[in-house]
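Read off the chains here:
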Amino acid sequence: MPPNVSLASPAINTPWPLRDKAAFVGIGTTPFGNFPETDSYGLGCEALNAALDDAGLTVDEIDGLIVSRIPSYERFAEMMGINPQYCLLTEAPGRFSAVSLALAAQAVATGAAKTLALVYGNNGRSVRIAYGGGDSEWSPWGMTSPGASHAMMWRRHMHEFGTTHADLGPVSVAFRHHACLNPDAVMYGRPITLEDHAQARPICEPLKLLDYCLVNDGAVAWIVTSAERAKDLRRPPVLLSGYARQDAFHYGSGPADDFWFPSLSACRSVYDRAGIGQKDIQGLGIYDNFSPTVLFSLEGLGFCGLGEGGDFVRDGTLPLGVGRWPTNTSGGHLSDSYMQGWGIIAECVRQLRHECGDRQIPDAQAMQYICATNISQSLVLRRADA
Amino acid sequence: MSLTTRPKPVIDNWNRWFWDACNQRQLVLQRCTATGRCFYPPAPVSPFTGRPNWEWAAVSGRGELWSLVEFHQNYFPGMKDELPYTVAMVKLDEGPYLLTNLDGIEARDARIGMRLSVRLPGGPEGFLLPQFGPEEVAP
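Here the protein sequences come in this chain order: A and B.
Its first residue numbered 1, the first sequence is counted upward by one per residue in this note's numbering.
Its first residue numbered 1001, the second sequence is counted upward by one per residue in this note's numbering.
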């Protein structure tokens, strides 16, 4: 799809039927790093136990299970001793973190399950997973890897709008700054500068090392139940107020030729669906597999105009304590942990519970998550008492 | 640069004709008989109708450079000696994009939007890989 084409039915002005129906009541994360002594099952179990402890629930109270990136939902359920009435495995790509959450909300709203555990486990670092190579449609020409697709899109963005590689620097530097406020982040204690970003080793130009996400082991678990039930649990409930999604499966599995702008623009409906305006949001979580997706997301959701992302972030829009839109306050995929959206959404919940210590957004009441991919999505979370 | 050590295409029931045509130095695409629009990669049905109504069509082999990247990371053993290498995204005049390589022009001299045309200088055993260089103007 060429840019500037709007989709036919963005569902603006329509409330989401599931608005504020489902709530996060437990969050669990493992340490992030290189853990060859365990695997995605072991990490998933650890995260789920942490989430249950956080919620004050026991495993026998879980009647719904959604597992992602862990190879078998059946083996995982067997290990944890869960015999649910609702269970499924979602695909490994990171776009499925928010998809999984939407499915959980649907399960809660329809009564398919009362209390769901959503568990993501990834041991890509210790098994040295390669994000590229192998046979594909494009391998005879040497085209491979998600990074190269994003490099192709960013080069085109530079051509169309006059942006530069340097426009990505404030993204990488802001998120690293946040990671340095987060002792659990992989890159804690390792600050970078714009100069470091510019001089980093090229991987697939125009992108360089500091435009790429980390690859690390870890797991994230969420416990989701009804807003009604959440009132009786120990943590301040965080509600899923709005969710919007627009898919665009670009032919040939090649790089998108439109920066996902039409489909992200359709996701602006998330504000009406949530009943919360952009101005009422205090911070953002943006799926940052590569630094350009942050600018694509900001442009697509209308924080700035198409092509204006570089200008928008240049003067400190994203860093905590400085910018209007503190983004990826844990450090994101670039500097905290590559948990494919699961960790970024967990951070949004923790911000709304006011648990983030040195990286807390003051008085955060509502947070927005955005994921720019072939399944573009956005969701708005808020404190139940907001 | 040597194309002989490139990864071989994975041949399936839909792309076989494309590669056979390349070996005869002709670029072909599937064309939807309902809409007249071409598509790639090869598929059992037209993406414009979802129906198996298509035909193979010889195409111009011409298009424009839409974007390009330079790989510094090695992913394929047979391409290590080519590093750093360029992959170009070419928008064919008939509509589809191809991810391909430049031939006869250095990446530093290439400009997005420039006209390109296909050539078939070589490939791994049994295949000729489409590559793109500055458009040759018909005499």
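Keep in mind that a hint or two might mislead.
Per the computed footprint, the stretches of chain B lying under chain A, defined by three or more beta-carbons under 8 Å from a beta-carbon of chain A, are [said to hold, decoys possible]:
id, region
1, 1067-1073
2, 1097-1111
Pair ranges (Cβ atoms, derived) [unchecked claim]:
id, chain 1, residue 1, chain 2, residue 2, range
3, B, 1093, A, 314, 47 to 55 Å
4, B, 1083, A, 166, 37 to 45 Å
5, B, 1036, A, 231, 46 to 54 Å
6, A, 92, B, 1093, 34 to 42 Å
7, A, 61, B, 1017, 39 to 47 Å
8, A, 316, B, 1106, 33 to 41 Å
To give an idea of the chain A side of the interface with chain B (calculated C-beta under 7 Å), a few residues [as the list claims (entries may be wrong)]:
id, residue
9, 133
10, 139
11, 146
12, 151
13, 156
14, 204
15, 254
16, 277
17, 280
Derived from the structure by calculation, the hints contain no laboratory data.
By construction, the Cβ of each residue, glycine as well, lies at the ideal position given by its N, Cα and C atoms.
Consistency of the hints with the structure:
1. Note: the region 1067-1073 of chain B has 7 residues with beta-carbon separation from chain A under 8 Å; the three-residue rule is met and the coverage holds.
2. Only residues whose beta carbon comes within less than 8 Å of a beta carbon in chain A count, and the region 1097-1111 of chain B has 4; three or more means the coverage holds.
3. For residue 1093 (chain B) and residue 314 (chain A), the Cβ-Cβ distance of about 38 Å falls outside the hinted range of 47 to 55 Å, so the restraint is violated.
4. Between residue 1083 (chain B) and residue 166 (chain A) the beta carbon distance is about 25 Å. The supplied range of 37 to 45 Å is therefore violated.
5. In this structure the supplied range 46 to 54 Å is violated for residue 1036 (chain B) paired with residue 231 (chain A), their Cβ-Cβ distance being about 60 Å.
6. A beta carbon spacing of about 37 Å between residue 92 (chain A) and residue 1093 (chain B) agrees with the range 34 to 42 Å that was offered as a hint.
7. Judged by the Cβ atoms, the range 39 to 47 Å given for residue 61 (chain A) and residue 1017 (chain B) is violated: they are separated by roughly 58 Å.
8. Remark: the range hint 33 to 41 Å for residue 316 (chain A) to residue 1106 (chain B) is upheld by a beta-carbon distance near 38 Å.
9. Because the beta carbon of residue 133 (chain A) sits about 4 Å from the nearest beta carbon in chain B, less than 7 Å, this interface hint is met.
10. Checking residue 139 (chain A) against chain B: minimum C-beta separation of about 4 Å stays under 7 Å; hint holds.
11. Evaluation of the residue 146 (chain A) hint against chain B yields a violated restraint, the C-beta minimum of about 12 Å exceeding 7 Å.
12. Restraint check, residue 151 (chain A) versus chain B: the minimum CB separation of about 4 Å is within 7 Å; hint holds.
13. Interface restraint check for residue 156 (chain A): the shortest CB-CB distance to chain B comes to about 4 Å, inside 7 Å, so the restraint holds.
14. Because the closest C-beta pair between residue 204 (chain A) and chain B is about 5 Å apart, less than 7 Å, the hint holds.
15. The interface hint given for residue 254 (chain A) is met, as the beta carbon of that residue sits about 6 Å from the closest beta carbon of chain B, less than 7 Å.
16. For residue 277 (chain A), the suggested interface contact is broken, since its CB lies about 36 Å from the closest CB of chain B, more than 7 Å.
17. With a least beta-carbon distance of about 37 Å to chain B, the hint placing residue 280 (chain A) at the interface is violated under the 7 Å criterion.
Violated hints for the displayed structure, listed by number in ascending order: 3, 4, 5, 7, 11, 16, 17.
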